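Colleague: Counting from 18, one number per residue, gives the positions in the sequence shown under the working numbering.
Keep in mind that a hint or two might mislead.
Here are the simulated DSSO-like pairs of lysine-lysine, each with C-alpha atoms no more than 27 Å apart in a straight line [unchecked claim]:
#1 Lys-78 <-> Lys-50
#2 Lys-38 <-> Lys-50
#3 Lys-78 <-> Lys-131
#4 Lys-51 <-> Lys-78
#5 Lys-109 <-> Lys-237
#6 Lys-50 <-> Lys-224
#7 Lys-38 <-> Lys-51
#8 Lys-51 <-> Lys-224
#9 Lys-38 <-> Lys-237
Have a look at the derived ranges for each label pair, beta carbon to beta carbon [unchecked claim]:
#10 Gly-96 <-> Glu-127: 20 to 30 Å
#11 Pro-222 <-> Val-257: 18 to 28 Å
#12 Ile-74 <-> Asp-255: 32 to 42 Å
Bear in mind the hints are in silico, worked out from the structure with no lab data behind them. Remember, it's a predicted structure, so these values are computed and weren't measured experimentally. We put the beta carbon where it would ideally sit given N, CA and C, even for glycine.
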Amino acid sequence: MFSERIGRLDAGGAEHAPLYKQLQRALREAIHKKILAPDDALPAERDMAEEFSISRITVRKALDGLVSEGLLTRRQGAGTFVAARVEKSFSKLSSFTEDMISRGRAPRSEWISKSEGSVTPEESMTLGLSPGTPVYRFARIRYADDAPMAVEYTTIAAFALPSAEAVGTSLYEALEATGHRPVRALQRLRAVLFTAEHADLLGVPAKDAGLLIERRGFLKDGRAVEVTQSYYRGDAYDFVAELNALS
Numbered sequence: 018m019f020s021e022r023i024g025r026l027d028a029g030g031a032e033h034a035p036l037y038k039q040l041q042r043a044l045r046e047a048i049h050k051k052i053l054a055p056d057d058a059l060p061a062e063r064d065m066a067e068e069f070s071i072s073r074i075t076v077r078k079a080l081d082g083l084v085s086e087g088l089l090t091r092r093q094g095a096g097t098f099v100a101a102r103v104e105k106s107f108s109k110l111s112s113f114t115e116d117m118i119s120r121g122r123a124p125r126s127e128w129i130s131k132s133e134g135s136v137t138p139e140e141s142m143t144l145g146l147s148p149g150t151p152v153y154r155f156a157r158i159r160y161a162d163d164a165p166m167a168v169e170y171t172t173i174a175a176f177a178l179p180s181a182e183a184v185g186t187s188l189y190e191a192l193e194a195t196g197h198r199p200v201r202a203l204q205r206l207r208a209v210l211f212t213a214e215h216a217d218l219l220g221v222p223a224k225d226a227g228l229l230i231e232r233r234g235f236l237k238d239g240r241a242v243e244v245t246q247s248y249y250r251g252d253a254y255d256f257v258a259e260l261n262a263l264s
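Whole structure, please, built from the sequences with the hints as guidance.
Modeller: Quick look at the structure:
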């Protein structure tokens with residue numbers, strides 16, 4: 018039985034925590050102790066409610082909290098699963114949307130802002146644009162199966178898009194539609210501690226460890242078209258690079 022794997026709840030004894038908190042803690046500990054492995058399926062909510070003698074509302078509240086933490090993930094039509102860490106290859110230039118779909122995850126974005134403005138001095142140097150050149154700026158939270166994975170800030174040279182509103186689900190799809198999708202990129206990775214603002218957006222404690230990826234994307238003709246700063250949750254992402262010995 019599932020309750021024998023993760024432990025039973027204390028419905029009326031010495032444990033004073035609400036039942037949904039008890040279930041959350043039991044599931045969290047089972048995940049950390051590898052009793053529940055990545056991609057393991059959880060029983061249906063109605064089955065868990067019956068087995069633990071609690072309401073389905075209590076089960077749903079417990080699971081919602083763990084989904085927000087990124088420990089569980091919901092797959093439409095399939096159920097709730099233990100979240101697996103995402104591996105992102107440094108050797109392939111792909112979008113967040115493409116990465117998630119290729120791993121069977123459901124990507125979505127929550128927009129923080131879309132705006133148009135003039136290039137800043139720093140952007141001017143990074144993108145090789147003249148002062149006063151128009152650019153589009155995008156800020157969004159990236160989700161996989163409703164779990165927040167990253168906060169992303171992107172500046173795009175305005176010649177590459179008809180408007181800021183041209184970007185829907187995927188920025189790279191919008192750039193591809195205009196023939197301005199990057200074909201190569203320079204990326205830099207470094208460890209960071211999340212500010213209170215970023216931690217709040219990602220649903221993690223302030224000063225949690227994260228990863229900052231700074232990317233500059235280039236077109237075939239060598240022009241820089243994109244500058245992106247992505248703050249990834251350190252507990253959800255692994256970055257992988259394939260190395261070969263020189264011949």
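Colleague: Taking 27 Å as the top limit, are the C-alpha atoms of Lys-38 and Lys-51 close enough?
Modeller: Holds, because 20 Å separates the two Cα atoms, which is no more than 27 Å.
Colleague: Lying within 18 to 28 Å: is that true of the beta-carbon distance Pro-222 to Val-257?
Modeller: Since the Cβ atoms of Pro-222 and Val-257 sit about 26 Å apart, the hinted range of 18 to 28 Å holds.
Colleague: Holds or violated: 32 to 42 Å for the Cβ distance of Ile-74 and Asp-255?
Modeller: Holds: the Cβ-Cβ distance is about 35 Å, inside 32 to 42 Å.
Colleague: Between the alpha carbons of Lys-50 and Lys-224, is the straight-line distance 27 Å or under?
Modeller: holds (24 Å)
Colleague: Holds or violated: Lys-51 and Lys-78, Cα atoms, limit 27 Å.
Modeller: holds (23 Å)
Colleague: Check whether the Cα positions of Lys-109 and Lys-237 lie no farther apart than 27 Å.
Modeller: Satisfied, since the Cα-Cα distance of roughly 16 Å is no more than 27 Å.
Colleague: Can you confirm whether the C-alpha distance between Lys-38 and Lys-50 stays at or below 27 Å?
Modeller: It holds: about 18 Å lies between the C-alpha atoms, which stays within 27 Å.
Colleague: Take the C-alpha atoms of Lys-78 and Lys-50, compute the straight-line distance between them, and say whether it is at most 27 Å.
Modeller: Roughly 22 Å between the alpha carbons, so the hint for Lys-78 and Lys-50 holds.
Colleague: For the pair supplied as a hint, Lys-78 and Lys-131, confirm whether the alpha-carbon distance does not exceed 27 Å.
Modeller: violated (33 Å)
Colleague: Take a quick look at whether Lys-38 and Lys-237 sit within 27 Å of each other, Cα to Cα.
Modeller: violated (53 Å)
Colleague: Does the beta carbon distance between Gly-96 and Glu-127 stay inside 20 to 30 Å, or does it fall outside?
Modeller: At 24 Å between Cβs, range holds.
Colleague: Are Lys-51 and Lys-224 close enough, with their CA atoms no more than 27 Å apart?
Modeller: holds (26 Å)
Checked against the numbered hints given earlier, the structure breaks hints 3, 9 and satisfies all the rest.
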